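> Take a look at the letters that make up each chain.
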Amino acid sequence: MDGETDTVNTPPLEAPAAPEIQTFQCPGCGAPLTVRGMQQTQSIACGSCGSVVDITDENFRIIDTFQSKVKVQPLIPLGSRGKLRGELFEVIGFLQRTITVEGVDYTWSEYLLFNPYKGFRWLSEYNGHWSYTKTTTQIPNRKAGSAAVNYLGHTFLHFQTADARVSYVLGEFYWRVQVGEVCEVADFVSPPLILSMERSEAEVTWSIAEYIEPKILWEAFQLKTSIPPKVGIAPNQPSKLVSLSPQLWKRWGIFFLAILLVQVIFLLMSANQLVFQDAFAFHLAEKERARVTPVFELTGRPSNVVIRSKATVDNSWIYLSLALINEETGNGYDFGREISYYHGRDGGESWSEGSSSDEAVLPSVPAGRYYLRIEPEAEASSVNYSIQVYRDVPNWTFFFLALGGLLIFPIFYWWRRRTFEYHRWSESDHPMRSLSSYVSSSHED
Amino acid sequence: MRTANCPSCGAKVTFQSAASVLAVCDYCKSTLVRHDLDLENIGKMAELQTDGSPLQLHAEGDYRHVHFAVVGRIQLRYGQGLWNEWYLLFDDMRGGWLGEAQGTYAVSFLTEVSQPPPPFEELRAGQRLALKDQVFEVRDLQSALCIGGEGELPFRVGPGYEAPVADLLGEENRFATIDYSELPPLVFLGEYVEFDQLRLSGLREFDGW
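The listed protein sequences correspond, in order, to chains A and B. This note's numbering puts the first residue of the first sequence at 10, with every later residue one more than the last. This note's numbering puts the first residue of the second sequence at -15, with every later residue one more than the last.
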């Protein structure tokens, strides 16, 4: 029982059949006060003199007087009506609450909304960010051993716990509000939702709020004023990137599947055919070292030709001047390949350089009858080498280039999100240590 | 449905529910207790306090697809303010309660439990309790003071009647109320509902709303 009611056994006389909007004079300054919350209102704060009046008291007792140096004008005036989520509400009360962190005051505003059938809701505003709040009828489950909370299938991460004091009041409230009254507020976020626990000596209440764009409010309450700009990132502000991501990831997946499909088609269509192979020997002593291979046939659409060569090089090299020549036209592709392989031990560590094999790719060679001209050069007295010619070998270059291009997007996306989360958590009890540290790692306390 | 005449003023008094044992005469506010054939006048019912409740007697609604009518009401004072328990008569003849305060609505039913709940003095806030195979957590323990009643009610009430009451919350929107004014205590199980879910009609009208 509250201490004010001493008439326990004799219920107070029934109030006169009250008109729905009641007006009376402020007992502090005589200014007219309007009661919009009907019989639900318990106290009303006068905008002119700062008196807080208990209107459940027959004599309109003043329960508090607060002096504020500045008069705060609510961004949505008392008495404004608007439809939110299809439900009509009227602004009947306004208060500000302040927390002090490391000597700095942070103040936010709360607007009490009323509908005689649906009860109360709140709008809260901080730095141009707005949330629409409702008291919960359930107690969220605290996760054992962590600072997270479960509610309606969402996991909410602890954001901040602080003592909030009422620093400004105007209009009506369903309890006896007093400037200076303090309660502990703990916030848990799962954007765009935020769960708040308020603990006072008398009770613990939980409320759930959803981030709401100010534009929606300005339209709902038909405000002509300009919308104050948003500053910083709010604890429950949804990242635009987050809300877009399922679509974007879907698109990303489609692109990935597309290039994979193209690659599979390439693989299936590739002939990968060995058209010529032979082994040769180089002797420094021989005068005429150039050779010409027998003619071989390249068939199909214009596609690549891969020449793989191997040589018995051991701390030596061989240089092959090669030409793939079309027998009919005499046109050729000239190219040179060096095969060198060196190895040894240096200060107890073995090293090697080069390789005894090589691969050269000639793209887009049309079909026809071809032969190879080979002119070897080397310092060693003799080197054995072999040459294989493949037609239409599958190529992975396109695939990896496309994949690389496709990866730029998720990496950029990840970085943008990380930056957003870093700024979100910077004002919490759990700031991220660096831009690269992972969010949940800072919540294990 | 049974009708009788008020022994005090002669006005017609209706008992819509067979479970109702008490009715308050609409006309002269006499509190009438039903015996086999006649009505006993146990005195005038206290005036109810004007509150902002949108409900009133004869309002109607739906709960889980069953239509109900509001036939009675008990007005209570808790620490914070006023609370109404509206007595509902469902079309399937069940009686139920619609608790209502400050735009919060909760429907509950008197439920038989095989094991009586622990005594009031042994309960602590935050304690867990199983009722009818459901787990509940004690949210608060207070004393509810009856201001008065109207319409018909399934038990005798009078002003000044004070009941120790435990409020418990369960999973999802479920809740339980244990009324320790009787022995064994009365257990009410129910759930919180949204205003729109009840599809109420015949409500009080408020100017401008």
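Each hint should be verified, as a subset may be incorrect.
Claimed, not checked - Ranges between beta-carbon positions, derived for each pair:
id: 1; chain 1: A; residue 1: Phe75; chain 2: B; residue 2: Trp193; range: 29 to 37 Å
id: 2; chain 1: B; residue 1: Glu156; chain 2: A; residue 2: Glu190; range: 28 to 36 Å
id: 3; chain 1: B; residue 1: Gln40; chain 2: A; residue 2: Thr43; range: 21 to 29 Å
id: 4; chain 1: B; residue 1: Glu96; chain 2: A; residue 2: Gly112; range: 30 to 38 Å
id: 5; chain 1: B; residue 1: Ala3; chain 2: A; residue 2: Glu212; range: 55 to 63 Å
id: 6; chain 1: B; residue 1: Arg140; chain 2: A; residue 2: Gln34; range: 42 to 50 Å
id: 7; chain 1: A; residue 1: Gly154; chain 2: B; residue 2: Glu189; range: 32 to 40 Å
id: 8; chain 1: B; residue 1: Arg140; chain 2: A; residue 2: Glu212; range: 49 to 57 Å
id: 9; chain 1: B; residue 1: Glu189; chain 2: A; residue 2: Lys233; range: 41 to 49 Å
id: 10; chain 1: B; residue 1: Glu156; chain 2: A; residue 2: Ser235; range: 38 to 46 Å
id: 11; chain 1: A; residue 1: Ser155; chain 2: B; residue 2: Glu156; range: 44 to 52 Å
id: 12; chain 1: A; residue 1: Thr116; chain 2: B; residue 2: Phe139; range: 47 to 55 Å
id: 13; chain 1: A; residue 1: Glu228; chain 2: B; residue 2: Trp193; range: 18 to 26 Å
id: 14; chain 1: A; residue 1: Lys239; chain 2: B; residue 2: Leu167; range: 31 to 39 Å
Keep in mind that the hints were calculated from the coordinates and are not lab data. In this text, all values refer to a predicted model and were calculated from it rather than measured experimentally. Glycine included, every Cβ here is placed at the ideal spot set by N, Cα and C.
> Next, verify each hint and record whether it holds.
Hint check:
1. Remark: the range hint 29 to 37 Å for Phe75 (chain A) to Trp193 (chain B) is upheld by a beta-carbon distance near 31 Å.
2. A C-beta distance of roughly 32 Å is found between Glu156 (chain B) and Glu190 (chain A), which places it inside the suggested range of 28 to 36 Å.
3. Remark: the range hint 21 to 29 Å for Gln40 (chain B) to Thr43 (chain A) is upheld by a beta-carbon distance near 25 Å.
4. Roughly 60 Å separates the CB atoms of Glu96 (chain B) and Gly112 (chain A), a value that falls outside the hinted 30 to 38 Å.
5. With their beta carbons about 34 Å apart, Ala3 (chain B) and Glu212 (chain A) fall outside the hinted range of 55 to 63 Å.
6. Separated by about 44 Å at the C-beta atoms, Arg140 (chain B) and Gln34 (chain A) satisfy the suggested range of 42 to 50 Å.
7. Between Gly154 (chain A) and Glu189 (chain B) the beta carbons are some 52 Å apart, a value that contradicts the proposed interval 32 to 40 Å.
8. For the hinted restraint 49 to 57 Å between Arg140 (chain B) and Glu212 (chain A), the CB-CB distance of approximately 31 Å leaves it violated.
9. Checked against the hint of 41 to 49 Å, the pair Glu189 (chain B) and Lys233 (chain A) fails, with Cβ atoms roughly 31 Å apart.
10. Between Glu156 (chain B) and Ser235 (chain A) the C-beta distance comes to about 43 Å, which sits within the given range of 38 to 46 Å.
11. The supplied range of 44 to 52 Å is broken by Ser155 (chain A) and Glu156 (chain B), whose beta-carbon atoms lie about 22 Å from each other.
12. In this structure, Thr116 (chain A) and Phe139 (chain B) meet the distance hint of 47 to 55 Å, their C-beta atoms being roughly 51 Å apart.
13. For Glu228 (chain A) paired with Trp193 (chain B), a C-beta distance near 21 Å keeps the hint of 18 to 26 Å intact.
14. Taking 31 to 39 Å as the suggested C-beta distance range, the pair Lys239 (chain A) and Leu167 (chain B) does not conform, at roughly 59 Å.
Hint check: violations occur at hints 4, 5, 7, 8, 9, 11 and 14; the rest are consistent with the structure.
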